[in-house]
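Trainee: Single-letter residue listing:
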Amino acid sequence: MGPFPSPFQPFRDQRGFALLLTLTLLAFVVLLLVALATYTRVETAVAGNMQRQAQARENALLALDVALDQLQQQAGPDQRVTATAESRSGVNPQKRHYTGVWNGDDAERSPRAWLASGAEAGGVDLEAAIPAARAVTLVGTRTDGSTAANATVAELQDIRVPGVPGVSPAGSTVIGRYAWWVGDQGVKAPVAVGDSTESITFAPYDSGELRSRLRQQIALGAGAADPGGNPFFEPRDLNNRDLVANGKIAAFNQISLLRNGANAAVGLVPLQSRFHIWSANNFGVLANPKLGGLRQDLSLMPDLLGKEFAAWANYESYMEEPTPEAAAAADPTPPAPFPNYSSADALRRRYRISTGNDEARVVPVLSFFYLTFGVRKPTAASPYTVSLRWAAALWNPYSSALVPEALRLEISGLPNQVDIVNADAGSTAASFSLRERYGEPLRVALPWTLPSGSPVSDKQSWLPGRVYNWTSEAGAAPVTGENAGRFDSADLSSFANGLLDSIPGDVSVNGSTRLALTLPDSTTLTLRLVRARDDATIATYTSPTYLPVTTTTPSLASNDTSPLGFLFRLGEGIDSIATGSEWLTTDGLDPRNVNITADALRAVPGGPDPTAYGVPIRIYEPDRLLNRDKTTGTSYDEDVPVFELPRTPLLSLGILQHFPIEGLRPFAIGNPWGSTAELNSIRMGEFFDRFFFSGLTTAVTPSVTVAGDLRMPNPLLQPLRKLDGAKPDVADLRDTIGSGARSSRYFLQGGAFNINATSTAAWAPVLRGIRFPAPQSFTYLDVSEATGTAEDTATASVQSGEAHFFRFSQSAQETYKANPGLAETGSAVSSPANTHLFRRGVRALSAEQVSALAMRIGELVTLKLRTDGPFRSLEEFISPQSLFAGVDSSGIPGSPRSVLEAAIADSELNASIAEFSSQWLTQGDILTALAPVLFARSDTFLIRSYGEAVNPATGATEGRAWCEATVQRVPEYFDASADDAVVLPDALTSELNLRYGRRFKVISFRWLTRSDI
Amino acid sequence: MKTAGSRDCERVRRGRGFTLLEVLVAVGVTALLAGFMVAILTNVTGFWSRTSGRLSAEAQARYILDQLTLDLQAAWYRDDGNTWWAATIPVNVTNAGTLWNNTGTTTTGIKPANAAGSLQLIATGNWGESGPTGPRFGVAGTWLRFFTTKRGSNATTDTSSTPVAVAYQIVRRATTATPTNLDRRYLLHRTEVRPAANSPARSGTLQAGFNIAAGVYQPAANTAQPRDPAEIRYPTLNSVLAENVIDFGVRGYVYVSDATTGGRQLTRIFPFANNDLAHTANLPAGVTNAAGNYTNCFPEVVDVMVRVLTDEGARLIAGYEANPQRLTAPVGRTPQQYWWDLAMANSQVFTRRIILNTQPL
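Those protein sequences? They're chains A and B, same order as listed. Under this note's numbering, the first residue of the first sequence is numbered 1, with each subsequent residue one higher. Under this note's numbering, the first residue of the second sequence is numbered 1, with each subsequent residue one higher.
Note that these hints are calculated values from the structure, not bench results. Certain hints may be false.
To be verified - Simulated restraints on C-beta separations:
| hint | chain 1 | residue 1 | chain 2 | residue 2 | range |
| --- | --- | --- | --- | --- | --- |
| 1 | A | 342 | B | 155 | 54 to 60 Å |
| 2 | A | 48 | B | 29 | 41 to 47 Å |
| 3 | B | 155 | A | 795 | 46 to 52 Å |
| 4 | B | 155 | A | 44 | 32 to 38 Å |
| 5 | A | 33 | B | 333 | 32 to 38 Å |
| 6 | A | 44 | B | 238 | 29 to 35 Å |
| 7 | A | 39 | B | 238 | 41 to 47 Å |
| 8 | B | 238 | A | 238 | 28 to 34 Å |
| 9 | B | 238 | A | 705 | 33 to 39 Å |
| 10 | B | 155 | A | 782 | 48 to 54 Å |
| 11 | A | 725 | B | 327 | 36 to 42 Å |
| 12 | A | 705 | B | 328 | 58 to 64 Å |
As the list claims (entries may be wrong) - Below 25 Å or equal to it, Euclidean Cα-Cα: the simulated DMTMM-like pairs (lysine to aspartate or glutamate) are:
| hint | chain 1 | residue 1 | chain 2 | residue 2 |
| --- | --- | --- | --- | --- |
| 13 | A | 1001 | B | 258 |
| 14 | A | 722 | A | 735 |
| 15 | A | 307 | A | 358 |
| 16 | A | 1001 | A | 662 |
| 17 | A | 722 | B | 80 |
| 18 | A | 1001 | B | 303 |
| 19 | A | 1001 | A | 732 |
| 20 | A | 727 | A | 709 |
| 21 | A | 307 | A | 534 |
| 22 | A | 727 | A | 198 |
| 23 | A | 722 | A | 975 |
| 24 | A | 722 | A | 732 |
| 25 | A | 727 | B | 303 |
| 26 | A | 727 | B | 80 |
| 27 | A | 307 | A | 242 |
| 28 | A | 722 | B | 258 |
| 29 | A | 727 | A | 359 |
| 30 | A | 727 | A | 195 |
| 31 | A | 307 | A | 582 |
| 32 | A | 307 | A | 662 |
| 33 | A | 1001 | B | 80 |
Quick caveat: nothing in here was measured; it's all calculated off a predicted structure. Beta carbons are placed, not taken as given, at the ideal position from N, Cα and C, and that holds for glycine.
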């Protein structure tokens, strides 16, 4: 082109204008269409993605259904127990949190199934690693802080369908995959359980004080604390009390929202590292894992354990009503308590002595008996005068006061022949029979005589653990009826003031003649302690057998000599060292027995030689527990309570350790030594699997919440609806008596914990189930040292987050105050009689002790799991086993022990405790706190499932979804219409119920994001 | 050979013009082409508009329904007498209330409470437009609230995956807090209360408790800040889930044992009757209340429905509701009828059935 435009150029430019315009328009249209198509494609792709995501979610829900099916099959029946794989040797780190299910009625070491994906396809190999391409993480770093190497993974299962286009009709194509895992919630400590005791306002909990005592009777939720005992958070404190109320903390992550001591949120990081240790709460079906069937309610049917137990549990029939009016009305016989009760929620209680004949057995115990006799003949003209004197001490072994009343001792077996020997002449001057002279039996009164100036605090009631003394009344002649006794007298009167009798004999003997006594036969006394008002036998004591006496050392006949005597004391700790027969720890030697044999008694200090007791011996012996100096001994420091009587409805089977069983060692129920013994033809160890306490005694009428739920004395009992949808009322519960009192059909037990848990960090909070963090407190009677009692308004309090184990779970507040090392008022010397160890009634464990105990329990449970699988029942857990036997220093195995017994011993918790006292922690004490919440299996589980959508053409994964469900086993059977919940397994009519047992329900569900995994 | 161009040049050189016929033919052809183009463009843009509007509405609806699905599937229920799930169809037929027609509006909305054409609540003969018992979900759709588990990032406790109170509610309001555009839009809100208090003054679900009918979730006065419990009742702009949602409906069902067949029959519990405008679930599924019916049951199955305007529909409705109106009802149609005419022509209805996974104990 030249530098100048052609004159024809405009005409040339106009050429094709229309075409250009047309093309432009067409291009615009095309562009529009392309843009639309692109937009449509993007929208379609988005829709496709969402569709595949929806498909992935459906696959995750499918996995959840598969998991639920497997869980229902394996863990639905009662006779199954669960544990995790954590303690198994050789377990793959990525499978250590798998849940196993074992049969409860056999001892097979291997489980029926491990509950993770693959179980539905033949089983899970616990040791083999899952190939990375087939593994999906279900519990990873955002859940529990785990690394890739030890995250909990599950194996992917293919979802295949036939007939996908492009694939051989005979074949199938993968269109998705799924995986699932079932986590055992029951092995985690329920650390966010609220304390709702304040809402229990019905009788007998209709006062703040009585309500507060619920906290010392049963564990009300685990207490999470670091090894130093510092709480991570305290659900009962003011910061959290409202947050955890009414079960508001239902999800694990909500624990992060609770407040710590600095009133800051707990946070997610501490929570993640305890995902396998803590839970918000767990619930257990009150069922028997060994025999199947629901547990029976001893509150409704106490006679399931026999009439003696029913009488004992019916405390209202023998407990004095603690009201000022009732006490005043009782005056003057028996004595009214002093100080009088200030209100119905008085810290003190009194019980009427009852003998066990068609009533409960509440008896004082003869702790000391002394009888001495001698002969005097001052002149030749005077007759031989026999003087018999006696002293007795009776002990209230209970942590509550007794209502005083007159008793009587009937003494049989006095020497039938006593020879008076003229030592100077070497002849028998006279012979007599004590039986004939004083009666067979010799009856002596044990009156309760109030002193002048009454009321006097320590005489108005038979104070807890206190010994009172009686001696023979001065200067009386023996009568065939009841010989007078003197109350509150510790020292024998003089010879001249004994029970005097004259006997004939050699008249040549005068005051200067030396006399001696001879007992040709051995002597065994039998003493019957009798309730004076109706002659009911309280107990019979058979003394040690005293040796014959060849002759006593002669002394002048004019002397007030009492050369022979019989003395025995109730054997106690100080005697055990010498004899090896431990006080309170030997079969048959329960001091509350009807028949106390000589094995339980000690002729101390002189042994069985009657000449050793010729010189009058005082009751007072400061190194002994069961004695009392009547002149200065009014301090509570001299009192030794050992046993407890019920004062409110029983809530824990552990408290049955106080139930006396003739012929057995004390504290038999719940402790290893009683586990194989039977009561009412049922092994006592089995009680913990067969029974429970709802607290619904005949005298209790629970209130109803606004929602219509029964509010039970055990606040962790979660009421359930009946099958018809209505909420059960008291009548419904009582109606279950017809079906064996299986009111458990209407409840789940909150705060449940699986004894097959191996984690120290889980056991430790559970062991802290009873604690008194601020603003809660344990309030006790601030007893006066001058009297041993106090007004109910005189109280002091303890606030402590430490683990408390009550021996006196219903009454410790009455005896708690004690001074260590001082068993005698005014003594400046510490005494080995550790009365304070008995009085306290509760053992508090420090953080270090709790950690040590929890660690040892975890180790022993692990040992059990590795050896022969999990505990199949609570009975197995509390019974001695060779597996847990200790070894002595030479490596010789010791006696079989239970887990708790071994753990207590190995942790040396009782190493510094001198006596078998309330400070001597026993398995029974731990069960008192924990029995309601311990189970051999779990009924709450966490299911995590995963689903993915797979492109059938490319095989690529195009959508993923995770979900989580908490599932809960409930009492109703899988097919509730076929079999009632109370039906026992062998009577089930439905095949479905035989196979699937009791129903699992999904109680919460959520979708997870990657941030949750 | 001479090309056309050379002939034109020659014609010019010769000083000759186009013949009339040539001009007429040229004009005719051009007009024809232009007409075709206009027609094509009109169709294409119309198709574009409809398609994009539909796609936009579908995307909105999918998002809404997915959120509802995730939330409802994870809904919490505890048999403690508290209300864990509630749905209310506002009875307000004058749009004077504050539930959906938030403060600051320039004119009273004219969305009719009831008219034929929307998703029917109940097959009933009561098609009147003046009462609250008609076939639509009231003037404002359903106010749905319940407790679900938040799908959080778990970066902090405030974003942790924990149970929270949520509510779905349509509010007709300006899309900014200080509106310069006076037009109002129909905004569907998804309120999510924070898991727990983040300061003494800013309470959370844990403090407010698990009773969605409690006063703390529906105070008399609107003082709600974002994520406060009060936002359940008074949602803020922070909670907008989608716009142009002009109806939101919920139906609840439970399975009831059939005494005759022994099977389980899916039975609608909300709306239970024509005049059933509120449902408070404080009983487990299948449990009758004092009146002997299931109107207080926690539903096992929920149908949800949303009607979403296309962008064009939203523009038209906004213009129709503007003050002064940019669009008026034609002769022969009442204002309410024409509102629905516009809505029906420019909206779509989406539904989904959702199974709630939680079972009460």
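Trainee: Now tell me if each hint is right for this structure.
Mentor: Going through the hints against the structure:
About 56 Å separates the C-beta atoms of residue 342 of chain A and residue 155 of chain B, a value consistent with the hinted range of 54 to 60 Å. Look at residue 48 of chain A against residue 29 of chain B: about 46 Å separates their beta carbons, and that is inside 41 to 47 Å. In this structure the supplied range 46 to 52 Å holds for residue 155 of chain B paired with residue 795 of chain A, their Cβ-Cβ distance being about 49 Å. Distance hint for residue 155 of chain B and residue 44 of chain A: a CB-CB separation of about 34 Å, consistent with the stated range 32 to 38 Å.
For residue 33 of chain A paired with residue 333 of chain B, a C-beta distance near 36 Å keeps the hint of 32 to 38 Å intact. A hinted range of 29 to 35 Å holds for the C-beta pair residue 44 of chain A and residue 238 of chain B, which are about 31 Å apart. In this structure the supplied range 41 to 47 Å is violated for residue 39 of chain A paired with residue 238 of chain B, their Cβ-Cβ distance being about 29 Å. The supplied range of 28 to 34 Å is met by residue 238 of chain B and residue 238 of chain A, whose beta-carbon atoms lie about 33 Å from each other.
A hinted range of 33 to 39 Å holds for the C-beta pair residue 238 of chain B and residue 705 of chain A, which are about 37 Å apart. Residue 155 of chain B and residue 782 of chain A have their C-beta atoms about 52 Å apart, which keeps the hinted 48 to 54 Å range intact. Our hint of 36 to 42 Å for residue 725 of chain A and residue 327 of chain B is violated, since their Cβ atoms are close to 54 Å apart. The hint said 58 to 64 Å for the Cβ distance between residue 705 of chain A and residue 328 of chain B, and at roughly 59 Å that hint holds.
Restraint check for residue 1001 of chain A and residue 258 of chain B: satisfied, since their Cα atoms lie roughly 22 Å apart, inside the 25 Å limit. Taking the CA atoms of residue 722 of chain A and residue 735 of chain A, the gap is near 13 Å; set against the 25 Å cutoff, the hint holds. Between the alpha carbons of residue 307 of chain A and residue 358 of chain A the distance comes to roughly 8 Å, so the proposed pair stays at or under 25 Å and holds. As the CA atoms of residue 1001 of chain A and residue 662 of chain A are separated by approximately 46 Å, the hinted pair breaks the 25 Å bound.
Proposed proximity of residue 722 of chain A and residue 80 of chain B is supported: the alpha carbons are some 15 Å apart, at most 25 Å. With a C-alpha separation of about 23 Å, the suggested pairing of residue 1001 of chain A with residue 303 of chain B holds against the 25 Å cut-off. Pair hint residue 1001 of chain A plus residue 732 of chain A holds up; C-alpha atoms about 23 Å apart against a cutoff of 25 Å. Restraint check for residue 727 of chain A and residue 709 of chain A: the C-alpha separation of about 7 Å stays at or below 25 Å, so the hint holds.
For the hint linking residue 307 of chain A to residue 534 of chain A, the alpha-carbon distance of about 22 Å falls within 25 Å, and the restraint holds. Distance restraint check for residue 727 of chain A and residue 198 of chain A: the Cα-Cα separation of roughly 22 Å lies within the 25 Å cut-off, and the hinted pair is therefore satisfied. With a C-alpha separation of about 14 Å, the suggested pair residue 722 of chain A and residue 975 of chain A falls inside the 25 Å cut-off, and the hint holds. With a C-alpha separation of about 9 Å, the suggested pair residue 722 of chain A and residue 732 of chain A falls inside the 25 Å cut-off, and the hint holds.
The straight-line distance between the Cα atoms of residue 727 of chain A and residue 303 of chain B is roughly 29 Å, outside the 25 Å bound, and the hint therefore fails. Annotation: proposed proximity of residue 727 of chain A to residue 80 of chain B holds, straight-line Cα distance about 11 Å (limit 25 Å). Simply put, residue 307 of chain A and residue 242 of chain A have alpha-carbon atoms about 44 Å apart, too far for the 25 Å limit, and the pair is violated. At most 25 Å may separate the alpha-carbon atoms for a hinted pair to count; residue 722 of chain A and residue 258 of chain B meet this at roughly 18 Å.
With a C-alpha separation of about 36 Å, the suggested pairing of residue 727 of chain A with residue 359 of chain A is violated against the 25 Å cut-off. At most 25 Å may separate the alpha-carbon atoms for a hinted pair to count; residue 727 of chain A and residue 195 of chain A meet this at roughly 23 Å. This hinted pair does not check out: residue 307 of chain A and residue 582 of chain A have alpha carbons roughly 30 Å apart, beyond 25 Å. Using a Cα cut-off of 25 Å, the hinted pair residue 307 of chain A and residue 662 of chain A holds, with the two alpha carbons roughly 14 Å apart.
Taken as a hint, the residue 1001 of chain A and residue 80 of chain B pair is honoured in the structure, with Cα atoms around 17 Å apart against an allowance of 25 Å.
Checked against the numbered hints listed earlier, the structure breaks hints 7, 11, 16, 25, 27, 29, 31; every other hint is satisfied.
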